[in-house]
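J.: Here is how the chains run, residue by residue.
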Amino acid sequence: MGDLIANLGLGFGTVFGLIPVDIPGLGVVPIPLNILLCFVGCLVGTLVGVLPGVGPVASIAMLLPITFKFDPTGALIMLAGIYYGAQYGGSTTAILVNIPGEATSVVTTLDGHQMARRGRAGVALGIAAIGSFFAGCVATVFIAAVGAPLTRLALIFGPAEYFSLMVMGLVFAVVLARGSILRAIAMILVGILFSTVGTDLETGQERMTFGMQFLSDGIDFAVLAMGLFGVAEILRNLDHTEVRDVVKQAIGRLLPSMQDMKDSAKPILRGTFIGGILGILPGNGAVLGPFASYTIEKKLAKDPRRFGQGAIEGVAGPESANNAGAQTSFIPLLTLGIPPNAVMALMVGAMTIHGIVPGPQVMTKNPSLFWGMIASMWVGNLMLLIINLPMIGLWVRLLKVPYRLMFPAILMFCSIGIYSINSLPTDVFFIGLFGLIGYALIKFGFEPAPLLLGFVLGKLMEENLRRALIISRGDMMTFIERPVSAVLLVIAIVMLALALLPSIRKSREEVFVDD
Amino acid sequence: MHAGTDRVPSRRGPVRGPQSLVSGLVLVALALFAIWLTSDLPQGTLRAMGPAMLPRWLAVGIGLCGIALVVVGLTRDGHPLEGFSLRGPVVVGIAILCFGLTIRGFAFGALQVPQLGLLGAGPLAIFISGFATHEARFRELAILALALTSFCMVLFGDLLNLPIPMYPQVFADLYPSGWSSDARLRATAGILVALAVIIFAATHRRRRAAEPIDVVPDEHAGTI
Amino acid sequence: MKKLISIAAAALGLVAGAASAQTYPQRPITMIVPFAAGGPTDVIARIVGDHMSRTLGQQVVIENVAGAGGTTGITRAAGAAPDGYTIMMGHMGTHGAAPALYPNLKYDPANSFDTIGMAAGTPIVIVAKKDYPAGDLKAFLAHLKANDTKTNMAHAGVGSVSHSTGVLFTSVVGIKPTMVAYRGTGPALNDLMSGQVDFMTDQIVNVAPQITGGTIRAYAIATPQRSPALPDVPTTKEAGLEGYEVSAWNAVFGPKGLPADVRAKLVDALNKALSDENTRKRLLDLGGVIPEGAERGPEALQKLVESEVARWTPVLKAAGAVAN
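Chains as they are written, first to last, in UniProt numbering: chain A, 1 to 515; chain B, 1 to 224; chain C, 1 to 324.
The following block holds chain A by itself, in its conformation from the complex (with noise of 0.2 Å):
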């Protein structure tokens, strides 16, 4: 405990320390560099993320020569910012829009979005900023605290474990649809169908590309949720008149009231503590994390028809599991030297840019650095509470534009953004692709969101499965064997088995029921 209050002294030490800067025509002054920077990070961050398609990959590229000027612990401090200061902005155009701009604010959009139709847009963000600064301030301790001994859970995790939590993963997803459950499976298959396409990665050859090269690296999430999201939600309310308008009655509260928050109180608890236990396994387990909490809501909640109609239950609990997972998933980071994700990948090239060498030894060789970048961590989450809250009202505002001029700027914001990911013209033209298909999904009556969590999931479940499989050369027992999978694949059947239940029990027929 004495450590972890000198260790976190130090970081904070080193957050708000003085540095001196040679300021031109002020000579060398001592200023809070890094907490400056930290502010710019986040604001950077809450920017990019809020355009869709710019995601913190971008982003962080663009950023990195202008920190080669700065010490490394101040440059890493800014980088972090603009990654969880994008997670963040993120969800804001999953709210306001309907675009989810990560693989884990896809859920945000089934009810952040339905409460901002509803009027209570602010209270959604409201809720939202307010759980992500509690999961970031819970995860940041936990990261202090036991950060290092729990990396050893994440060695546990071999093939056959990612494959089981995959699984998992895709029951929850069962869950989580509105509608029957036919239709939610299919659309799961579907997805994970999608994720197939591309240049096999176990024998290098080409699955479903039509022969077309931009198709051999498989296709683009960004592309896939913006195409099925934005552009497909903008045709259908091209087709409603009279719904369109994003806000139609009056906006309510810009803040979430005490009612709001009492209602909210155990979700955020709930989804800290699974975000952050799913963001310490370095193989993107923080992408399920706020699946799994909108889960787990909806299981617990008394009324659980109200998910998907603007239940605040279903954007403050994944929101905070985001967030958590987010913070933890530097763990692997920087105590393994495994990046979780693209982002990581690219601290781990920030690192190497300046002479730090991300891995075991980033802990005892810079205490600094690791101690600062968790203190700002925390420091980053305060900012984020108070650069967006206030700008709540100004988002709120934005949804009063006119429809009619609103979707072309969506469509242009998506269009850029979607360009400036790869560069590829091609992938503008996905989106529109992606776009009618998903017009079409939903006049037939599927929804979308299952078919993007089986593409997200399917890739890293096939993935491991073959692996699994090779290494035990064929043996399927070895799913069962391994303990952590039993358990996990154990999970998976029992809420598969809720799930199907109570149709079950009200007549066999419910289940293929079509509504």
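Some hints here could point you the wrong way.
DMTMM-like, lysine to aspartate or glutamate: derived pairs with alpha carbons at most 25 Å apart [to be verified]:
(1) C:K106 to A:D220
(2) A:K443 to B:E82
(3) A:K400 to A:D260
(4) C:K106 to C:E308
(5) C:K281 to C:E292
(6) C:K317 to A:D217
(7) C:K317 to B:D40
(8) A:K365 to C:D232
(9) A:K365 to C:D285
(10) A:K443 to B:E135
(11) C:K106 to B:D40
(12) C:K176 to C:D148
(13) C:K281 to A:D71
(14) C:K272 to C:E292
(15) C:K265 to B:D173
(16) C:K256 to B:D173
(17) C:K176 to A:D475
(18) C:K129 to C:E245
(19) C:K129 to C:E242
(20) C:K106 to A:D217
(21) A:K443 to B:D77
(22) C:K317 to C:E245
(23) A:K400 to B:E135
(24) A:K365 to C:E277
(25) C:K176 to C:D131
(26) C:K256 to C:E306
(27) C:K145 to C:E245
(28) C:K129 to A:E481
(29) C:K145 to C:E238
(30) C:K150 to A:E481
(31) C:K265 to C:E277
(32) C:K317 to C:D108
(33) C:K150 to A:D475
(34) A:K299 to A:D263
(35) C:K138 to C:D232
(36) A:K400 to B:E140
(37) C:K265 to B:D182
(38) C:K129 to A:D475
In short, the hints are calculated from the structure, not lab data.
Add chains B and C to chain A, keeping to what the hints say.
T.: Below, chains B and C without anything else, positioned relative to chain A:
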């Protein structure tokens, strides 16, 4: 709008859930398509799974879901098919296509599109997509196209420094050679804003009179 | 409206009149890196590009165009106008292994480019899980041969450096281990640390932290000299393995047809960057190998590309590794 019911082929009596039937058929078609696409790939064994194993089994699963939906559509009362409007999807599709074709230029066989950058692609996309709704107003869209493009140039090009082509090189060469690329970018953005303001001011007085003409008649909104 | 157009035209006309003759470079230079930001090639491109900007007096902007083992970005760069405003960071995969891996490749590594020069190489290290029952490389090779099909070799996906160099390793040693593919080096290292897989070969910059941290063990480094980043790791030759010297080199190319003066300026800028103390230190910290003397410059690079294509094609074709 709900023309679906009589379009669905029905041999076994009246179709009771047209939406289920059609969506089931679509799934079956998708499954068959995927099986055909992976037909030339090896399936492999459990020990060394081939690239086709998972897609093929997924396709079978999707096909089964589709068949189940078809059965539901034939036996149980369900939703009618929703009407499709053509205007939105077609116009938005064209707008996105235009953006993609012109942002960096595109060469596809005989088709050669020059690079227009954001300066050309942006207004084009906004202007075309605006006409996806019959409420589109020429003047509003023109101002929006100019102002938003200018905003995006500063935001993406100047502030975020993303590698997006801003304008054709010919256009950039119009500026004095001493100007830095940032100055050229800002000047371009300034010109666009100025144009937007000029349009706003020049048409402000005549707006009332012009309005009825600006509204595009409704008859283009078709259904299938 | 007519009035408007005439005003706009006048404004543009004014600006147009001021345009004059230009010398290279007049605007930022785009360096296409065919991999995601943060990887070894990207890091090297950024370090070298940072210093080249200073010599050229214009920003060298890194643009990451990832995909298909780097060939997407290189294909794009090969088709750019040869005006010196688009250059690229090619590497062992895109300009060596690619012709064997991608039969439909739209460029020819040896003939579609004007070489600028080698930037830096990152040596390949043979690493294994930390409790692998072999004390040194000789014992490791003997154990591998005795347990041929039982061992699992990890690699970061068909077409990656760790895949190509791993295939070369198996063919030099004469073994056929079970290959386990991962999406990138990170996940592969994770399973190597936890002992799910037995060994792999990868670039020093990816594995050095884990080696010094003691979570995996290194048997040899595939360079003629030891690396200052890992002074305790013997070279393959020292440890008794002949014929396995390989490093993932990164080099600057331009599209075919660069004007001679433009090419000379780029060669000079790269040369100055590689001689700069600060830049050298940053590259060496990564475990990078900096080309010296005759290894620098466009001619040396042209020869290297030709010999690399000749080296990789038979090895990869024999292994049946085709990424289509």
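J.: Under the criterion that the straight-line Cα-Cα distance not exceed 25 Å, is the pair C:K281, A:D71 satisfied?
T.: holds, 16 Å
J.: Compare the distance between the alpha carbons of C:K106 and C:E308 with 25 Å, and conclude whether the hinted pair is satisfied.
T.: Given pair C:K106, C:E308 holds - Cα atoms ~18 Å apart, limit 25 Å.
J.: Is the straight-line distance between the alpha-carbon of A:K443 and that of B:E82 25 Å or less?
T.: At roughly 6 Å apart (the allowed maximum being 25 Å), B:E82 and A:K443 satisfy the hint.
J.: Holds or violated: A:K299 and A:D263, Cα atoms, limit 25 Å.
T.: Holds, because 15 Å separates the two Cα atoms, which is no more than 25 Å.
J.: Is the hinted pair A:K400 and B:E135 satisfied, with a Cα-Cα distance of at most 25 Å?
T.: holds, 16 Å
J.: For a C-alpha distance cap of 25 Å, please report whether A:K443 and B:E135 respect it.
T.: Between A:K443 and B:E135 the Cα gap is close to 23 Å, so the pair holds against 25 Å.
J.: Would you mind confirming whether the straight-line C-alpha gap from C:K106 to A:D217 stays at or under 25 Å?
T.: holds, 17 Å
J.: Checking one constraint from the list: CA of A:K443 to CA of B:D77, max 25 Å. Satisfied?
T.: holds, 17 Å
J.: Given the hinted pair C:K317 and C:E245, is their alpha-carbon gap at most 25 Å?
T.: holds, 19 Å
J.: With the threshold set at 25 Å, check whether the alpha-carbon distance from C:K317 to C:D108 stays at or below it.
T.: At roughly 17 Å apart (the allowed maximum being 25 Å), C:D108 and C:K317 satisfy the hint.
J.: What's the verdict on C:K265 and B:D173, does the C-alpha distance respect the 25 Å limit or exceed it?
T.: holds, 22 Å
J.: Take a quick look at whether C:K176 and C:D131 sit within 25 Å of each other, Cα to Cα.
T.: Since the Cα atoms of C:K176 and C:D131 sit roughly 21 Å apart, the hinted pair holds (cutoff 25 Å).
Every hint, counting from the list given before, is met by this structure.
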